[in-house]
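Numbering (the numbering used here), first residue to last: 17 to 368.
Watch out, some of these pointers could steer you wrong.
[Claimed, not checked] Calculated lysine to aspartate or glutamate pairs in the EDC-like style (CA-CA distance at most 16 Å, straight line): (1) Lys278 / Glu297; (2) Lys315 / Glu262; (3) Lys58 / Asp281; (4) Lys359 / Glu297; (5) Lys315 / Asp281; (6) Lys357 / Glu297; (7) Lys278 / Glu295; (8) Lys357 / Glu295; (9) Lys58 / Glu286; (10) Lys128 / Glu295.
Bear in mind the hints are in silico, worked out from the structure with no lab data behind them. Here the structure is a predicted model, which means the values were calculated and not measured.
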Amino acid sequence: MSNLWIELMILQTMIGYSFVIANAMIGLSKIGDLNNLKSNLKLVRAHKWYGRTEIFIFYAITAQCLYMFYLHVAAKDPNLYRPSGVWAHSWFGGFLAVVLVSIKLFYAKYKKDEIYKYGHILGPIGVFGWSIAHWTSLFNFYFVVFPTFESAPIFIPLSFLWSAIIPFFIGAALFLLASLTSSMGGMKQDLKNLHGVAMILHGITFGYEGSAKELVGTPVLYKYVFPKTYEFLERYASKIGLDLEELKKYNLNEAMQIAMRKFEDIEMAEKLKVKWISENEFTIESINCSTAVVRSYMKPEELKNSICPWGILAATIANALTGKEIEIAPSEFNEIGAISKLKIVETKASNQ
């Protein structure tokens with residue numbers, strides 16, 4: 017194997033570990049209550065992209081290391097089976113690290129609710145996995161492999177100390193960049209204030225919704241909610257560049273997509289996905305909704321039969337554009353958003 021290839025792998029681990037440090041700092045900055053991270057969409061995005069970058073680099077290095085491991089096995093290298101730099105990096109910095117990082121990746125990808133509940137445990141598992149891979153790589157290179165080189169490295173420092181320190185400087189810089197970008201003044205402060213007000217109102221609406229359903233029943237509640245919500249939307253839409261009259265020129269799917277993109281633009285949610293189940297049924301899913309933090313402080317029974325405001329808003333738009341009644345099933349809430357199922361009823365709405 018070429019010396020340049022080995023050197024470039026060390027460079028890759030230094031870059032990847034920089035993103036690990038940055039993401040760890042983001043997590044530590046919210047360690048008091050990880051739910052607070054939900055209300056800062058820009059920081060959530062940075063955390064996500066830093067995480068994706070570190071994972072891509074980790075598995076890219078892993079693929080190369082597996083090939084190197086094969087070469088050691090084929091050469092019957094005794095250092096694989098006795099305490100040595102190669103032994104430590106192969107078994108601890110290799111296979112054990114892959115297991116730990118993969119556990120963190122599984123929860124981050126498929127169990128997002130658990131990240132906010134147990135992030136203080138899952139985060140360190142991923143960092144520890146990356147760390148043993150990174151540090152055994154540096155140790156093995158500088159104290160075992162590098163002494164056999166006939167020339168100085170081109171892309172990495174000559175000393176172990178500098179290679180150990182540099183990722184911390186880069187990681188801190190990436191963390192500061194994400195923090196400053198997410199908390200810049202002016203319009204960003206206005207948006208932050210808007211999110212704060214929205215979270216308070218979101219909490220209040222759950223209280224009103226529960227009380228109103230007990231007093232007048234769900235059908236009556238939504239019969240009157242849609243028209244009033246649309247009246248407000250007509251006044252507010254121009255503030256975010258949404259032309260409700262223009263929406264009427266499109267079919268319902270296109271109109272919903274346009275409207276949801278506008279709401280994404282004001283950063284109240286990272287994604288608002290509209291998915292059609294049938295000709296008359298669709299779902300609206302909010303992902304990384306900035307108001308999801310409210311539900312983190314609510315009991316499961318308080319959310320029973322509740323409907324996400326995005327579901328009500330989507331139903332309001334659909335009701336106005338089609339002139340038909342919209343039935344909404346109770347939303348399925350999770351730590352980062354909710355999914356609401358809506359059905360278009362063929363009978364004409366009485367308010368149209």
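Item to check | Hint numbers contradicted by this structure | outcome: 1, 2, 5, 7, 10
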